[in-house]
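Fit chains S and L to the given chain U structure using the hints.
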Amino acid sequence: MSINIIRRSFSLGLAAVTFAAMLATAPQAFADSSLLNVSYDPTRELYKSINAAFAADWKTKTGETITINQSHGGSGKQARAVIDGLKADVVTLALAGDIDAIAEKAKLLPADWATRLPHNSTPFSSTIVFLVHKGNPKAIKDWGDLAGQGLEVITPNPKTSGGARWNFLAAWAWANKAYGGDEAKTKEYITNLYKNVPVLDTGARGSTTTFAQRGIGDVLISWESDAFLALDEFGADKFEIIVPSISIAAETPVAVIDENAKANGNEKLAKAYLDYLFAPAAQKIAAHQHYRPSDPSAADPADLAKLPKIELVNINDAFGGWAKAQKTYFSDGGVFDLLYKPRS
Amino acid sequence: MRIRVTLILVAVVFLCAFLFLPLAIVFIEAFRKGLFVFMSAFSDPDALAAIRLTLLVAAIAVPFNAIFGVAAAWTIAKFNFRGKNFLLTLIDLPFSISPVISGLVYVLLFGAQGWFGHWLKAHNVEIIFAVPGIVLATIFVTFPFVAREIIPLMQAQGTSEEEAALTLGASGWHTFLHVTLPNIKWALLYGVLLCNARAMGEFGAVSVVSGHIRGKTDTVPLHIEVLYNDYNFTAAFAVATLLASLGLVTLLLKSILEWKFADNLAATHHR
Amino acid sequence: MTLGITMTALCLIVLIPLSALVLRALSVGPEAFWDITSDPRTLAALKLSFGAAFIAAAINMVFGTLLAWVIVRYRFAGRKLIDAAIDLPFALPTAVAGIALATIYAPNGWIGAVAKELGFKIAFTPLGVVLALIFIGLPFVVRTVQPVLEETELDIEEASALLGASRIRTIFQVVLPQIYPAFLTGTALAFARGVGEYGSIIFIAGNIPMVSEIAPLLIVIKLEEFDYAGATVVATIMLATSFILLLAINRFQAWGQNKIGNV
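First to last, the sequence lines map onto chains U, S and L.
Okay, so the first sequence: first residue is 1 according to the working numbering, each after it adds one.
Okay, so the second sequence: first residue is 345 according to the working numbering, each after it adds one.
Okay, so the third sequence: first residue is 616 according to the working numbering, each after it adds one.
This is chain U alone, in the form it adopts within the complex (with noise of 0.2 Å):
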């Protein structure tokens, strides 16, 4: 009998197993090529939607069906696992640096990629403002007060998150402009601004459930594009964004992986995908999703005009380009690191 017992589980976990393998080769029937995607975190939303727009593009154009893979994360992180092997066909990070690290460690694309498209590659960009409570009761006008005493500031970690790294310059820009320049007093701003962070999230996403869902903090500082999602998301009014004095222009930008596009045979499709993102039609989508279009005519002027005017600076002017920007400020004992105390 035990026998028995024995063969008809085996036979019937061998049966699971053959459901189970049909299950997963199923879906592969329906798409006629594929291409992926690897973005970081905010931008699940805006390339759902592109994603859509897209591939009935395409279909009309070429009678293809076509799926778009994502896959969203930290930008340092996806950067890491396009460089470890992950098949990215075309990358849309959150930082030029990201990309150039790919370029330079795994050799998957030309270290000259971003001339290869317009705006430096960079479709569509943002930038950081701040998101407070309703009523803004700390009020908290401008980068000053974020280092003020008894309160509690959200930022993800620089070191993990592309848009931590953005609100990083940005502070430094603000304080360098504010202190005349007085390198001691920018750092010193820094310092004070980072002991008040009682949550260090890996990625921009975490920052936001952390100060919208979990309640805690005074200020997050966060991508201009999520904090008007987390106003859909959350409710208005329940928060309100406030406007810095000054902030950065967040470029970010776009390539395609060459080495990996070959392989997969998808250099004509990740090409016409990137181009498709300078394109009007994906331009208007991102102006709806709060992003700043590189050319606005394409955009909706009632999206456009809820963008606020900010002064901004360029990380090319303000300092000297990524690859400096990552080695002075984000590199392992650079000048995050030496400046970075956490309150005790």
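Where hints are given, some of them may not hold.
With a cut-off of at most 20 Å between alpha-carbon atoms, the simulated EDC-like pairs for lysine to aspartate or glutamate come out as follows [said to hold, decoys possible]: (1) K341(U) - D145(U); (2) K306(U) - E240(U); (3) K107(U) - D390(S); (4) K48(U) - D390(S); (5) K284(U) - D295(U); (6) K262(U) - E602(S); (7) K48(U) - D388(S); (8) K695(L) - E602(S); (9) K48(U) - D574(S); (10) K238(U) - D574(S); (11) K341(U) - E765(L); (12) K465(S) - D232(U); (13) K465(S) - E267(U); (14) K465(S) - E233(U); (15) K736(L) - E152(U); (16) K598(S) - D698(L); (17) K107(U) - D698(L); (18) K284(U) - D303(U); (19) K105(U) - D842(L); (20) K731(L) - E152(U); (21) K107(U) - E765(L); (22) K604(S) - D654(L); (23) K105(U) - D698(L); (24) K377(S) - E233(U); (25) K598(S) - E765(L); (26) K327(U) - D842(L); (27) K327(U) - D698(L); (28) K195(U) - E183(U); (29) K377(S) - D232(U); (30) K604(S) - E765(L); (31) K262(U) - D112(U); (32) K465(S) - D258(U); (33) K324(U) - D654(L); (34) K324(U) - E840(L).
No lab work stands behind these hints, which were simulated from the structure alone.
Since the structure is predicted, the reported quantities are computational estimates derived from the model, not experimental observations.
Same frame as chain U, now just chains S and L:
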């Protein structure tokens, strides 16, 4: 008497704060917006793909570890050799290694910059950021589970029955199938249950090797994280109820096994 | 043949991957290895992982033994349910546990709100780490102590009580010596598991370097910074400790079995 009541009360309060409340919150949050929102979390193609992938991974990892577990238990219980304790420790090792490290080692081996990276690329074999990598990481993490359940039982039973069968002229395979397997079947099932629960729920190790491609390399636990970061908390908890229910079913089956075959399982309690 | 299967699987799944890790870590050279190890941030992360795991294991040692005692020695309604529920942390995926715990213990969660009133925070502090580890480690203590308690004779305790020994004395001189090895094994298992835990902690820890950043998270962060050397060095230190801990656990277990054999 008063001590008894106090102790029971302390035990119940402790369990409520640490075990029951987290479990309850998963179900409460999942149904917060009603049954419809709960169900719609499962009509998402990405959720279905994640469920399929998790089933596939468990369907490979669990049988593998079951076979290995029996072989390892047989080796350890029925033979005497030097370094047995060392072998036991090696089998146990994945249990106490951080899941993050389990993922990391496969990146070091099979990643594009790893030991076999060039060879794999030249031969167009994908391991990391694809299903094989996820399966490997899962096998690693659940490696000791079956073996650890059967080893003490086999050790307790000794080799006399097998020796008798062999003396009477039965083949080794025949002996295993008709003597050993019936003796260990409940412990084996028990180990398989635990192994399966762990395999389907693994997060850390899989997260390092997955690549997080939605609908392709996201398992159920990773999909929960994705939903959570999409601000889709209700859906995240809805999918989490699936894993929580799996945990509950595992516990139920386990309790039934323990109750019905208590004698047979007694030795395995010495974990 | 079974030896062959065992060794092959062991080599493929455990030995080769782990040696790849150790070799990569050692390739940085002793000086760099020491620099990474003695970096204050590495030390703080290791200290937190080991410290929190130790505190959680100690708490589990007390409450786990108490639970085992209640389950074995008392008969009351719901005992079976409690017995079955002990394994919940084992069966519940760690990420789900982490999100659920963060929801309850965040300042706006059920218990977190009460704690906030009382003036302290649980989630997003080292306390949150300890909390998650108590959850993870509980079954190990209960499940190792429980069977031993079941086997130890109630008679001896009763005899001791009859002979006029106080309750405290009975516990310390009769019960504890018997369950001592199981007690240590279970606590060590909970500790070993807690040191490496990742999934449940990252949702509730706060992840502040030097304060609430656990060692496995530091490995992930170093990995994401392309710092493979740093990641593998920290991983190797953790690996070595795991190995030593397990050897110790196997010793405890062998000792316990001898002890039971002698009773």
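Evaluation of the provided hints:
no.: 1; hint: K341(U) - D145(U); verdict: holds, 19 Å
no.: 2; hint: K306(U) - E240(U); verdict: holds, 13 Å
no.: 3; hint: K107(U) - D390(S); verdict: violated, 32 Å
no.: 4; hint: K48(U) - D390(S); verdict: holds, 12 Å
no.: 5; hint: K284(U) - D295(U); verdict: holds, 9 Å
no.: 6; hint: K262(U) - E602(S); verdict: violated, 56 Å
no.: 7; hint: K48(U) - D388(S); verdict: holds, 13 Å
no.: 8; hint: K695(L) - E602(S); verdict: holds, 12 Å
no.: 9; hint: K48(U) - D574(S); verdict: holds, 12 Å
no.: 10; hint: K238(U) - D574(S); verdict: holds, 19 Å
no.: 11; hint: K341(U) - E765(L); verdict: violated, 52 Å
no.: 12; hint: K465(S) - D232(U); verdict: violated, 44 Å
no.: 13; hint: K465(S) - E267(U); verdict: holds, 18 Å
no.: 14; hint: K465(S) - E233(U); verdict: violated, 42 Å
no.: 15; hint: K736(L) - E152(U); verdict: holds, 14 Å
no.: 16; hint: K598(S) - D698(L); verdict: holds, 11 Å
no.: 17; hint: K107(U) - D698(L); verdict: violated, 57 Å
no.: 18; hint: K284(U) - D303(U); verdict: holds, 9 Å
no.: 19; hint: K105(U) - D842(L); verdict: holds, 12 Å
no.: 20; hint: K731(L) - E152(U); verdict: holds, 15 Å
no.: 21; hint: K107(U) - E765(L); verdict: violated, 63 Å
no.: 22; hint: K604(S) - D654(L); verdict: violated, 54 Å
no.: 23; hint: K105(U) - D698(L); verdict: violated, 53 Å
no.: 24; hint: K377(S) - E233(U); verdict: holds, 15 Å
no.: 25; hint: K598(S) - E765(L); verdict: holds, 19 Å
no.: 26; hint: K327(U) - D842(L); verdict: holds, 14 Å
no.: 27; hint: K327(U) - D698(L); verdict: violated, 56 Å
no.: 28; hint: K195(U) - E183(U); verdict: holds, 18 Å
no.: 29; hint: K377(S) - D232(U); verdict: holds, 17 Å
no.: 30; hint: K604(S) - E765(L); verdict: holds, 18 Å
no.: 31; hint: K262(U) - D112(U); verdict: holds, 18 Å
no.: 32; hint: K465(S) - D258(U); verdict: holds, 15 Å
no.: 33; hint: K324(U) - D654(L); verdict: violated, 25 Å
no.: 34; hint: K324(U) - E840(L); verdict: holds, 16 Å
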